[in-house]
Amino acid sequence: MNDVRLTVNGVERHAAVEPRRTLADFLRDDLGLTGTHVGCEHGVCGACTVLVDGEPARSCLMLAVQADGLHVRTIEGLADADGSLSPVQEAFRDEHGFQCGFCTPGFLMTVEAFLAENPDPSDLEIREALSGNLCRCTGYDSIVAGVKLAAERLRSGVGVPA
Amino acid sequence: MSTVVGPARYVGASVHRVEDARVLTGHGRYVDDVSLPGMLHAAFLRSPYPHAKIERIDVEAARALEGVVGVWTGADLAAAGVYPMQIPEPAPPDYLRPVFPILATERVRMIGDPVALVVAESRYVAEDALQLIEVDYEPLAAVGSAEAGLAEGAPIVFEEIGTNLIHHDQAEYGDVDAAFAEADVVVRATWQQQRLTNTPMETRGGVADYDPGRDELTYYAATQGPQLVRMFVAGLIQHPVQQMRVLGPGDIGGSFGQKVGVTREEVAVCFASKALRRPVKWIEDRVENLTVGGQAREETAEAAFAVKKDGTILGLDVKLTMDHGAYPLLPISTAIFTTLIKVMLPSFLRTRNYRWASQTVVTNKAAYVPYRGPWAMETWVRESMLAKVARELGLPVEEVYRKNMIPLDEQPTTMATGPTLEGMTARDTLERALKLVDVPAFRAEQERLRGEGRYLGLGIGVFIEAAPGPPDFGEITGLGAPRDPARARLEPDGKVTVFTAQVPHGQGHETTLAQVAADELGVPFEHVRIVHSDTRDAPFTLIGTGGSRAATMGTGAALAASRALKGKILELGGQVLEAAPDDLELVDAVVRPKDAPDRGMPLAQLAQVAYFMPPEGMEGGLNANDAFPQPRGGWVAATHVCVVDVDVETGEVRIPRYLVVEDCGTMINPAIVDGQVRGGVAQGIGLALLEETVYDEDAQLLTSTFMDYVMPTAVEIPHIEIDHLESEPLAEVNSRGVGEGGAIGAPAAVANAISDALSPFGVAVDRLPASPARILELLGRA
Amino acid sequence: MFYGGRWSLCTLFSELSDCQARMKPAPFTYYAPESLDEALALRAEHAADSVLLSGGQSLVPMLNLRLSQPSVVIDLNRVQGLGGIAESNGGLAVGALTRQRTAERSSLVAERAPLLAKALPLIAHPAIRSRGTVGGSLAHCDPAAELPAVMLALDAKLVARSASGGERVIEAADFFEGFLTTSLREDEILTEVRVPGSPAGAGAAFHEVSRNHGAFAIVGAGCVVQAHEGTVEDVRLVFIGAGGTPMRARAAETALTGQPATAESFAAAARDAAAELEPSSDVHASATYRLNVAEVLARRALTEALEVSA
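Line by line, the protein sequences are chains E, Z and P. If you read the first sequence in our numbering, its first letter stands for residue -12, the second for the next number, and so on. If you read the second sequence in our numbering, its first letter stands for residue 297, the second for the next number, and so on. If you read the third sequence in our numbering, its first letter stands for residue 335, the second for the next number, and so on.
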């Protein structure tokens, strides 16, 4: 067993884990943060995407021990402490950007990082940025619309908590 | 007549979904999120051979591994009294029903056939144990295609039935020979649709929880049909069905038909939980899902259309071969799918002359399961034939449609195969689509670009769907016309709970049914809560959610139950307010006299009366049950138009424009409707261009990861324009199902568009997917 | 050096006695050395029983699928001094552990190695590139991967260290030996790649066909073109997905050098280059498809590289 000490959604967490345990399983089963979903375990579907030190990463392709000393953010850490949704979450809600919801956490984390780097993306840039996350329900239009709306709101400061 | 009595406030509005809050914050509860004290984890050992005898299995080393709590083989399950599976009666005549065990015993019949079950403290340890199990196989020759399955001397996959032809069917309508004799031209082609798989983002799985004190088994399942699972699993493991409960965990991550049957794995897992007296979880991994989760659509059709030079279609002759895979999926025989294809193929065509033959062949592949619009082959074949007829006769395809489509003013009438056509607006959707696309302008542009070496194409796919279809549809197809029940209950605080038989898995029923109930009752949307997916309290229906019944039948039931509850509320209100119930109304959760709205009583207060001081003769609390009979009409129609840009040097296909004109009647929640259409179209595009489950001729699977099974991303799926024709209601519930249609129309529209783009080369798409390699093959460049 | 197959599990099933229910790694001992010397000592000790973990984007799927079951995993992510991009002799010195995303954002890379800058965004998706490393991709040597092809095209030098042998500098032409096989010895670790700078004003392009956006390329072509007054002065042309390793079209390059930079000569060069390739068939495409499309992509890449050159 190896010791892991990391920060998850701003909170320091500490556990002993087998080195072969993936970060995805660690978050879900050891920390009880089941918002991150497992869809393929070979790095293609993107459902397990979290932010590691601010960058999107497939938690199914990281060992939990590799996250020692790092900052991980999951979907549970997107909303404020008082429960108010982030601008990206709100925009997805307003554009009906999901149906069954299984892929949604992965999309939200991907979009969170994407808009931080590219605040005024074109439609094509959005679609390319989202191409690493698979959705089987929506056909992607409403997700793209959600990203555009979030970008607009973030740029203009509308709907963004002060 | 409108959908609801009283002002519609919520129906027709794209209200935020009830499901949104939990999904957006990561608090959805899917089956892998279920965690119970003492829970164990299951993993299955699976066959690496498509067809083999099992000579020996040795699980001793696996049993001895630390952390392993139980290991069972097929022989162990049989010894413990677990029954084998068989498609139940009543099955169609000529449908052969082999018996097969939950875990393979003497023979494996597909790659991935489950051979042993390991239950351990973690999935990691369970997989360690799998590697310690020794199995000696004697490989047998395998059947890798339907053609091979029918060949002389083919290995017989289920020896007990003595053939691989598990089902066949033929039918004749009208006078086909005369039609073909009279034809100017007979247009012929063979159309091959590939095998593919539903691929919901959440794989299959469940958590079985046996309570030894009560001898009660609870099974949390990602399933579309909890009632079916309950009845069959209980029967197969010999557990009293009365003491079994099946429920959804709260959220299901998509299904598209894959989670609709009763799986061998869940029988084994429920058995194991009972044997171990501890909860057991099984979550299918993606490789398992792509291998054995369920596959669909592998059909080949030889079609002949007898036509006159002016484009009039005189008759149809279609022979279909379906690749059944090995094991049937309980409890649905694939005969229903070939029957649906047979019945639906003539669709909106006026011709009465139609000959059909089908053969369903067992092969050493994974089970054929329903997949979103399982009869969709009928649309691809018919629409491709219509386009081919147009090409061969030198007519614009629009003209061929207009010559042959039954318009509204010729209805009511019947399809060639019998179902009543009423309110079927296919022609109207086509005309509207053609106008929106501006075909002449496109043709001019297409011509111009051809001069520059660019190949654009336009394709059309028109279809109708029985969602749920007219009352005689069920009789003709054998689907029946079960009524959908619901129950509405007034809560002590005046809010309303509606228990539905529907089992949502992404369709937003918690929202749409609440919209309908709220409007019918006259209460705020937020006061209605929909309860679903639990065999303990859900009203019974065999199907759950499937077959595009929810919009009409599920809605209708919620409506009927709400109406019945309102009746009881007004009756009680009449007693309390000393008025005639007919003089009262329920508006904004207040029961009040129609002529004195300020003298009302809040429903919350009336509910207290209902619970604590019910008048003599009235039950405590208020409940109402009702069911909903299938209404007239019930047809959804849509026209899909696709524009493609084919790179004839690489075979890549872009879609610059995609348009759907559809008529599903009154939309309860337009955003949800559009979402369903787009999701279906995306799957149809995936089918047309990308997805394929590939087995080689020895039935070895070549596509068991997402590296090889190609899924559509946001780049491959274009923006999809949707135009709605909300046609005049024929019945009180004018809403019809829209969940499956997108997937039905898209393959036809995309394939026809590519054929149109490549028509200067004299080739057309008759095999899907139209991958870059296939397109270059058609062009003689690969 | 075992990394299993090219994602078609079918070819591996015959090697396995069971299958399809394995999505968690088998047990292993894990080390996270903090110095290169420590890492080298571990590698020397465990040799073929160990695997090196850098980005993990190729290795961890293999571990999850149990296609790779090493007894020891040596995680290089804590080793000091293996990351970073620096100038070097007019070109670049890229530490093996540099994240692909870091290289993608580097203005130094854009300036001195435009082919590398063009290729990086084609690798999978940002979430893969945020973890995947330059060195890891090179050591993995997948014939459909972009980075090995880029290094081959640019005549990069790959620097390997071992506990016993010190430092060894390997020409790219000698590094990529075969399918998932490099010339790295069992006890060596790739530490750095030295990329010669492309001539000022050279244009680069990378074209590939993949089944969906971000998937492995079915076939692809990358090139660098420098022209002066309408004549090709320097050209590099390389293919992916067209053989067991990235394939450099040296003969075609030679023939094209000194030719007019026109559509005709590019078409001829593309034809010549494609003729040297030895692609194979798989579920996605036949060898013939790859040959024909390689030629098309080479022609298009050459054309684009010229257009963007100065």
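For the record, the hints were derived by calculation from the structure and aren't laboratory data. Given the structure is predicted, the values throughout are model-derived calculations rather than measurements. Among the hints, erroneous ones may be present.
[What the hints assert, rightly or not] Partial selection, computed: residues in chain Z whose CB lies under 10 Å from chain E:
#1 G308
#2 S310
#3 Y420
#4 D547
#5 L704
#6 Q707
#7 P800
#8 V886
#9 K890
#10 P893
#11 A978
[Said to hold, decoys possible] The following residues of chain E were derived to be distant from chain P, with all beta-carbon distances above 10 Å:
#12 T(-6)
#13 A2
#14 A3
#15 E5
#16 D12
#17 V39
#18 M49
#19 P106
#20 R114
#21 S143
No residue lacks a Cβ here, since even glycine has one placed at the ideal position from N, Cα and C.
Verification of the hints:
1. G308: violated, 15 Å
2. S310: Result: holds, 7 Å to nearest chain E Cβ.
3. Y420: Check passed: Cβ of Y420 (chain Z) comes within 7 Å of chain E, closer than 10 Å.
4. D547: holds, 6 Å
5. L704: Check failed: Cβ of L704 (chain Z) comes no nearer than 29 Å to chain E, outside 10 Å.
6. Q707: violated, 31 Å
7. P800: Holds: closest Cβ of chain E sits about 9 Å from P800 (chain Z), inside 10 Å.
8. V886: violated, 30 Å
9. K890: At about 37 Å, which exceeds the 10 Å cut-off, the nearest Cβ of chain E leaves the hint on K890 (chain Z) violated.
10. P893: P893 (chain Z) check fails; min Cβ-Cβ to chain E is 34 Å, beyond 10 Å.
11. A978: Holds - the Cβ of A978 (chain Z) comes within 10 Å of chain E, reaching about 4 Å at its closest.
12. T(-6): holds, 17 Å
13. A2: holds, 15 Å
14. A3: Fine: 13 Å to the nearest Cβ keeps A3 (chain E) off the interface.
15. E5: Given a closest Cβ separation of 7 Å, the condition is violated.
16. D12: It is violated; D12 (chain E) is separated from chain P by about 8 Å at its closest Cβ, not greater than 10 Å.
17. V39: Label violated. Min Cβ-Cβ 7 Å, cutoff 10 Å.
18. M49: violated, 6 Å
19. P106: Fine: 15 Å to the nearest Cβ keeps P106 (chain E) off the interface.
20. R114: violated, 8 Å
21. S143: Consistent with the label, S143 (chain E) stays out of reach of chain P, its closest Cβ about 25 Å off (over 10 Å).
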